[in-house]
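Novice: When you get a sec, could you build the whole thing from the sequences and use the hints?
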Amino acid sequence: MALLSPELRAETVALCVNSEGRGSFCVNNVKTSDAAAEEEQAQSKKALKKQQKEAEKQAKKAEKQAKMDFAKDRYGVSAMVQSQERLGRTLIRVQDLTPEKANQLVWVRARMHTIRAKGKQCFLVLRQQQFNVQALVAVGDRASKQMVKFAANITKESIVDVEAVVQTVEQKIETCTQHDVELHVERIFVISQADARLPLQLEDGLFLPAGRATVNQDTRLDNRVIDLRTTTSQAIFRLQSGVCQLFRDTLLQKGFVEIQTPKIISAASEGGANVFTVSYFKTSAYLAQSPQLYKQMCICADFDKVFCIGPVFRAEDSNTHRHLTEFVGLDIEMAFNYHYHEVLDSITDTMVEIFKGLRDRFQTEIQTVCKQYHSEPFKFLEPTLRLEYQEGVAMLRAAGVEMGDEEDLSTPNEKLLGRLVKEKYDTDFYVLDKYPLEVRPFYTMPDPHNPKYSNSYDMFMRGEEILSGAQRVHDAQLLTERASHHGIGSHSNSSCYEDFYSFRYGAPPHAGGGIGLERVTMLYLGLHNIRQTSMFPRDPKRLTP
Amino acid sequence: MPMYQLKPICGSDIKIDLPACMYKLPNIHAQQGSGCAEHALQNGDVDPALKALEARQDEILRKLYDLKAAVDGLAKTVTTPDADLDATTLPQSPTGSPFTGTADLDALLGKDVGALRDIVVNANPANPPFSLLVLHGLLCRRYRVLSSVYVHSSVTSVPPQLLSCLGQPPADSYTRDRFQLGFTLIWKDVPTLQMKFSTPSMCPIEGEANVARFLFRLLGAEPRDPVAATRADCWVDVGIIQLAEGSAKERAAAVRALNAALGCSPWLLGSELSLADIVCACSLLWAGQADAAPANVKRWLQACRNLGHFDCVYTLLQ
Chain A
1 MALLSPELRA
11 ETVALCVNSE
21 GRGSFCVNNV
31 KTSDAAAEEE
41 QAQSKKALKK
51 QQKEAEKQAK
61 KAEKQAKMDF
71 AKDRYGVSAM
81 VQSQERLGRT
91 LIRVQDLTPE
101 KANQLVWVRA
111 RMHTIRAKGK
121 QCFLVLRQQQ
131 FNVQALVAVG
141 DRASKQMVKF
151 AANITKESIV
161 DVEAVVQTVE
171 QKIETCTQHD
181 VELHVERIFV
191 ISQADARLPL
201 QLEDGLFLPA
211 GRATVNQDTR
221 LDNRVIDLRT
231 TTSQAIFRLQ
241 SGVCQLFRDT
251 LLQKGFVEIQ
261 TPKIISAASE
271 GGANVFTVSY
281 FKTSAYLAQS
291 PQLYKQMCIC
301 ADFDKVFCIG
311 PVFRAEDSNT
321 HRHLTEFVGL
331 DIEMAFNYHY
341 HEVLDSITDT
351 MVEIFKGLRD
361 RFQTEIQTVC
371 KQYHSEPFKF
381 LEPTLRLEYQ
391 EGVAMLRAAG
401 VEMGDEEDLS
411 TPNEKLLGRL
421 VKEKYDTDFY
431 VLDKYPLEVR
441 PFYTMPDPHN
451 PKYSNSYDMF
461 MRGEEILSGA
471 QRVHDAQLLT
481 ERASHHGIGS
491 HSNSSCYEDF
501 YSFRYGAPPH
511 AGGGIGLERV
521 TMLYLGLHNI
531 RQTSMFPRDP
541 KRLTP
Chain B
1 MPMYQLKPIC
11 GSDIKIDLPA
21 CMYKLPNIHA
31 QQGSGCAEHA
41 LQNGDVDPAL
51 KALEARQDEI
61 LRKLYDLKAA
71 VDGLAKTVTT
81 PDADLDATTL
91 PQSPTGSPFT
101 GTADLDALLG
111 KDVGALRDIV
121 VNANPANPPF
131 SLLVLHGLLC
141 RRYRVLSSVY
151 VHSSVTSVPP
161 QLLSCLGQPP
171 ADSYTRDRFQ
181 LGFTLIWKDV
191 PTLQMKFSTP
201 SMCPIEGEAN
211 VARFLFRLLG
221 AEPRDPVAAT
231 RADCWVDVGI
241 IQLAEGSAKE
251 RAAAVRALNA
261 ALGCSPWLLG
271 SELSLADIVC
281 ACSLLWAGQA
291 DAAPANVKRW
301 LQACRNLGHF
311 DCVYTLLQ
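Chains as they are written, first to last, in UniProt numbering: chain A, 1 to 545; chain B, 1 to 318.
Everything labelled a hint here was simulated from the structure, so no lab data went into it. Heads up, the beta-carbon is just placed ideally off N, CA and C, and yes, glycines get one too. Warning: the hint list may mix true and false statements.
Some chain A residues well away from chain B (every beta-carbon gap over 12 angstroms; in silico) [said to hold, decoys possible]:
1) T219
2) S284
3) L381
Below, a list of computed lysine-lysine pairs in the DSBU-like style, where the Cα atoms sit at most 30 angstroms apart [stated by the list, open to error]:
4) A:K422 x B:K196
5) A:K415 x B:K196
6) A:K379 x B:K68
Specialist: This is the structure:
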């Protein structure tokens with residue numbers, strides 16, 4: 001009682017009297033009976049007025065109810081789509097909502113991105129993949145107050161069907177991708193409702209001005225489905241699909257054959273370290289570290305030029321920004337006539353075609369990602385710049401790095417060399433050729449002029465290695481020598497070793513290499529973590545989702 | 001210098017029986033003692049080390065004064081045109097025959113570091129640097145040059161003749177270490193032509209004229225005589241600033257000047273082809289003024305063409 005306002009208290013008192021007749025105990029005991037009687041009269045008058053008022057209210061409400069009816073079938077939660085009927089309705093895509101569609105009545109299916117109710121109107125931002133548009137529900141002859149209220153209470157991320165008139169706007173809507181038009185909603189139906197509580201807010205995953213709370217990367221990865229809805233994620237994975245497609249298209253055009261290789265193998269392909277063991281009936285098997293052997297066997301089987309796109313597994317316990325335990329490998333192997341640079345040119349051509357395709361076809365995606373993660377546009381040269389390892393070492397030495405001639409490049413040196421090359425040639429993509437033999441796997445062909453070096457190459461994007469390849473030893477005898485030099489005897493790794501016996505039946509000279517899809521996407525966009533470009537990343541600490 | 005010094009109070013030759021269980025050190029006192037004895041100078045004596053230091057300081061100051069005087073003198077010559085040297089009174093020293101000078105790449109570009117010395121030129125395809133192409137041809141005659149042409153991603157398409165403007169790549173271009181010099185031409189969206197050589201120790205060189213000077217120096221044929229060198233520099237600037245980039249009026253004036261100069265001698269600097277001829281001829285060709293040129297200039301252009309160095313430019317112009 002004490003909490004009620006004075007008027008309300010009076011009403012309550014009056015009601016008590018009415019219902020209990022003379023009894024006035026419900027009011028304070030301090031009043032005398034006379035006073036109580038006088039009061040009672042006054043109160044009954046009040047009660048009368050009160051009743052009248054209530055009747056009026058009822059009438060008004062009824063009136064309102066009647067008013068609401070006119071828009072009743074224009075909004076609501078529609079029945080679950082169980083394929084009851086097939087409507088001939090065409091849905092317009094948000095990205096197609098342009099000023100040319102002005103004054104047209106369109107149906108749009110989209111997600112509720114944001115909702116902002118303001119008195120008699122309610123502003124919605126409808127999102128569809130990378131694009132969004134502003135929609136307005138305002139009380140008028142098409143929409144009732146109840147409809148506005150309904151729209152304002154739809155949970156974020158719900159999927160809605162909206163019928164609306166496209167209207168051009170005078171002032172550009174800066175917050176939306178379709179900034180020249182807005183939708184004036186006439187009907188709105190909820191197709192699928194989202195929980196009111198989201199594990200992360202989409203806007204938080206998007207633009208992060210300094211000082212605002214940020215979402216932890218792990219939170220994002222745990223709720224990957226929602227994180228993937230952000231425009232940035234949408235753009236990243238569309239671009240990644242583009243990389244794959246351009247890779248495939250370019251190689252098919254060059255006469256390559258796409259092959260599929262087994263992922264469960266009996267022995268490690270590269271020395272035996274870093275492999276995942278899986279139980280295989282009564283024995284154990286390994287997950288393929290690379291399709292290396294199988295690509296080479298296809299070459300020996302006269303496929304001439306092959307490529308394959310598939311998962312690759314590395315049991316490396318490295319928690320860095322660029323290591324995953326499972327990633328998509330784009331592998332190329334090709335027989336050549338006289339010089340392995342024929343293969344190198346094919347690979348670099350393919351890469352340049354990919355970069356050009358991305359530059360020309362995926363500008364929207366690149367810009368979208370750039371809005372959140374700002375980076376310099378990716379620069380490259382055509383044909384690709386090729387430097388030799390010794391030159392790289394000389395450049396590093398000129399910059400003050402102390403390193404031996406045949407020492408492998410450390411990660412910081414790789415990055416530094418990338419910067420030096422960029423400074424001089426202004427390219428983010430280059431090839432470093434002729435690596436020291438010692439730092440390459442045993443099946444790498446030694447250099448014909450200098451036995452300390454080899455016919456092997458690495459490719460770099462923004463100073464990080466993306467491809468490692470070489471001319472392979474295709475002579476069984478030399479291979480045996482090289483293998484024993486590296487301490488890989490027939491006893492230690494028998495089946496892997498036996499695979500190379502296919503060379504005894506005649507093998508064309510060949511070379512190849514493998515690229516990591518996630519790394520290429522990450523480095524092309526200038527992102528800083530490979531987990532952003534892997535849809536469901538696997539690293540030593542993450543197996544879900 | 002210690003503030004004051006004392007002669008040792010006790011002699012350094014005291015014999016002490018030292019335990020043999022630990023390692024030995026030379027007697028510290030004995031060393032110090034001897035040092036003290038050396039430096040124990042009488043009042044008024046100055047340490048020779050100090051004297052040497054003073055002498056060095058005096059020497060440095062003297063050099064600085066000399067330098068200042070030299071700079072002041074130069075500044076005077078520059079700011080007052082009357083103080084200019086009279087070029088006519090100076091004896092005309094014969095310039096060496098072009099492209100036969102003994103240029104040593106090690107001396108010109110720094111010591112060989114075991115890697116290809118690569119000259120990178122960024123040029124805009126809208127404005128191909130003809131003079132550099134001619135110089136590239138001359139360099140190729142002198143050295144084993146690995147020339148390569150690239151297209152930067154800032155440019156979408158380049159006419160095919162620009163891609164082959166440095167000629168066919170040598171057959172053994174896969175062995176980069178066999179070449180003395182690299183010449184890398186990158187067609188790129190740059191406002192002014194740019195050359196990069198050794199990025200850690202040298203800033204980029206901008207402008208066609210400056211890059212042309214750099215490349216010509218590699219031929220070891222620039223005039224040793226300062227007057228001739230100045231005249232060459234002057235003609236190079238005329239070629240780039242007035243002939244290639246200037247207005248119609250400026251261009252006409254420059255052509256007249258060329259005509260006058262070529263009336264006296266077969267080439268701009270006398271009897272030999274020089275950088276001045278290369279740059280001016282290329283600018284004239286680029287500006288499309290070759291046909292409307294006066295007689296002397298026409299004769300000179302024909303002479304240039306007959307030399308064969310300009311073939312790459314004429315191919316591009318077609």
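Novice: So, for every hint listed, does it hold in this structure?
Specialist: Outcome of the hint check:
1. T219: Fine: 36 angstroms to the nearest Cβ keeps A:T219 off the interface.
2. S284: holds (45 angstroms)
3. L381: At roughly 4 angstroms from the nearest Cβ of chain B, A:L381 sits no farther out than 12 angstroms, so the non-interface label is violated.
4. A:K422 x B:K196: holds (11 angstroms)
5. A:K415 x B:K196: holds (20 angstroms)
6. A:K379 x B:K68: Not satisfied, since the Cα-Cα distance of roughly 47 angstroms exceeds 30 angstroms.
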